[in-house]
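Visitor: One-letter residues, chain by chain:
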Amino acid sequence: MLNWMRWLPENVSTYGGEIDAVIALIYYVTLAWFFLTLGVFGFFLIRYRRRDGRRATYVAGERLREAAWILVPVAVVLVLDFWIDLRGGPVWAKVKTTMPPTELTIQVTAKQFNWEILYPGPDGKFGTEDDRQFDNELHVPVGKPVRLVLKSKDVIHSLFSPNLRFKQDIVPGRAIPAWFEATKPGKYELPCAELCGFGHSGMKAWLYVHSPEEYQKWVNEQWASS
Amino acid sequence: MRESGAGTLDTHEHHAERGFWRTYVFSTDHKMIGKQYLSLGLFWAVVGGLLAHVMRWQLAWPDTAVPGWGEVGPETYNVLVTMHGTIMVFFVAMPILLGAFGNFLIPLMIGARDMAFPRLNMLSVWVFALASLVLLVSFFVPGGAASAGWTGYPPLSAKVEYTGVNWGLNLWILAHALEFAAFLMGGVNYLTTAIALRVPGMTFFRLPLVIWQQLTATTLFLLSVGPLIAGAVMLLLDRIIGTHFYAAEGGGDPLLWQHLFWFFGHPEVYVILLPAVGLVLDVLPVFARKPIFGYRWIIYSTIAAGGLSFIVWAHHMFVSGMDPRLAMPFSITTILISVPFAYIMFAMIATLYKGSIRFDTPMLWALGFIAMFIVGGLTGIFNGSAPADIYISDTYFVVAHFHYTLFSSVVFGGFAGFYFWFPKMFGRLLSEPLGKIHFWLTLVFFNVTFFPLHNIGLAGMMRRIANPLEYEYLVPHQWINVVATVGAILLLASQIPFVVNVVWSLLAGKTAPKNPWEANTLEWTAPSPPPPLNWGATLPVVYRGAYEYSLPDMAEDWLPQDRALAARSR
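Which chain is which? The protein sequence lines are A and B, in order.
Counting from 1, one number per residue, gives the positions in the first sequence under our numbering.
Counting from 1, one number per residue, gives the positions in the second sequence under our numbering.
Not one of these hints is a red herring.
Here are the simulated DMTMM-like pairs of lysine to aspartate or glutamate, each with C-alpha atoms no more than 20 Å apart in a straight line:
(1) 111(A) / 161(B)
(2) 204(A) / 472(B)
(3) 354(B) / 62(A)
(4) 94(A) / 323(B)
Just so you know, these hints were derived from the structure itself, not from any lab.
When you get a sec, could you build the whole thing from the sequences and use the hints?
Guide: Listed below in structure tokens is the structure:
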């Protein structure tokens, strides 16, 4: 129960490991604080329980020398905070504010309660004849960055892939860019993570990560006519 | 008891004997108004708790009939999620922690005979009762109650066709508006009373900390609620006359609501937390027989945390679609808020150092609050880190986090205050053994219910889904949902000793003395329960701070705020 890192699902994205490392850093820091503070707390409770003939000692904690007992641990908290921020900043920037060069852009449109996955086809452009739409199926090649453009037709949805450590809310009226690069072929669930109406529970797509050969085969099958 | 015609009393109209209606219903007495808030809060706690149990049953054993309720469809599940959150935050936590304790304690602890504006105070509780009625009615209108989440994000909440809920959601907004009006009236009263009606000698730095926490919480509420009211008016206009404040197709922006909601919403968290912290801070010194550690530093920390709470709101929106460059600044301010709260928690623990700790029931609850809130505070750092939040947001990890903070505030903090001040409120003592059984059972089953939710959240279970079995990756973890639900049922059963204790005490409990805990603050100098106008002809005078316990060179280990010392031998 306490070994939280074991509960994360298998990571299959290039940046997932870095997100997990931030989670692990926070986990070990907070776990240490948990045992330290509750240890001191428990020790005080036993050591200073009421006993006959012993009075409490008058300590107001107002003078700096006394306050320092806890100002020092508070300073440690501050340092740890900045450590966590410093470690987290670059990870956030990599996942959310930068976009690696990609060959494949896929448009994901959410609506109550389905995902419409639109591929630009061989010409690489949306709005042309060879666009193909798939419902609730996202096919991508392994080892290639994939750019997503996220749109919604009605309410706010959120595209979540536990295995990719990917989550992005989708807001009507906006086209939100996002990306990921999968590292392992397989079939993974893509639930909606934002309450979107009575069909929210069960609104999900499947992510198919193919090996390069299989992906090419899938592309050839889908665009055989064009 | 009370001298008639005493000069200090004639600013208030009063009669020695008031009828039933003036005493129990249309009362302007701050103590009765506090009890009215308490009763309404406890009523809603029962409703909100039962909704939670229906939800938990559905999560553990999806699509089976809930005993006494029937099967829960997805529409109903969304109503349960929404109304449980709304009720617990606005109709349980606020009326109990702010409404009940604020009203009861502020005048008694500062030496005032009542609030500054007693009639406004009565209006406050009656507007809150009206808000309660409106919320209750919203369950029974065609289309059912609100189902867009307690956060009510548009466009889901802005158009009838997205949820199928029409008047239920309009009434939900109206109930909020009335509730805010009630607490605005209460807040004006709290601030005015504490500033203007302090008894001679009661300087700001001699106020008990619970008063400081109430005042800070009230100030946060007054400063933050305006934007949300504006937001709610726009939401209502979108719904009723088809404006486009939140509709992208008409040039509006759905994210505007989230900014307004969370600009209020994060201070609101502290509106609930701070009064609970205050209750615990006032219970600790009495039972450790020591001054609180670093009184002034705690006040500064509280104000700092309150100030910071206004610049952290977007941590609820890291993956919302707002400009991602905003995330790290908000992540830094958010994690910074751990500094003042770490100070307060450490000060609570340091108060125990070299104390003489009495483990009476109020103290057990206060200690339980410390232990549980530390867990909730630490897990907040996961959510506050923007990159970690990419994975964690909208999962049960968040649910576990805020139940460890809010449940520990309302239940552990609230019961600490309730068991501590019950003798003063009702003039009777509670049973200690029953109180201790209540505490230990609640502590155990609280953890059985909520601790495993961290784990299933890390495994990726989303909030607000009605059926976890619809996701293949969650099926192997379903046993956790069963454990949490069984824990929740036992947690509910753990409240039986509390009900028995209160009923038994009110009917046949021992009469409470003036000061059963040997505490220093002014409310313990009034009779239990205090009469209207609280003290006889003369008010107490204050000579010192609230936490002078175990002073050297004194035989007793406590020194009340109002006791004049002829000559200090020091």
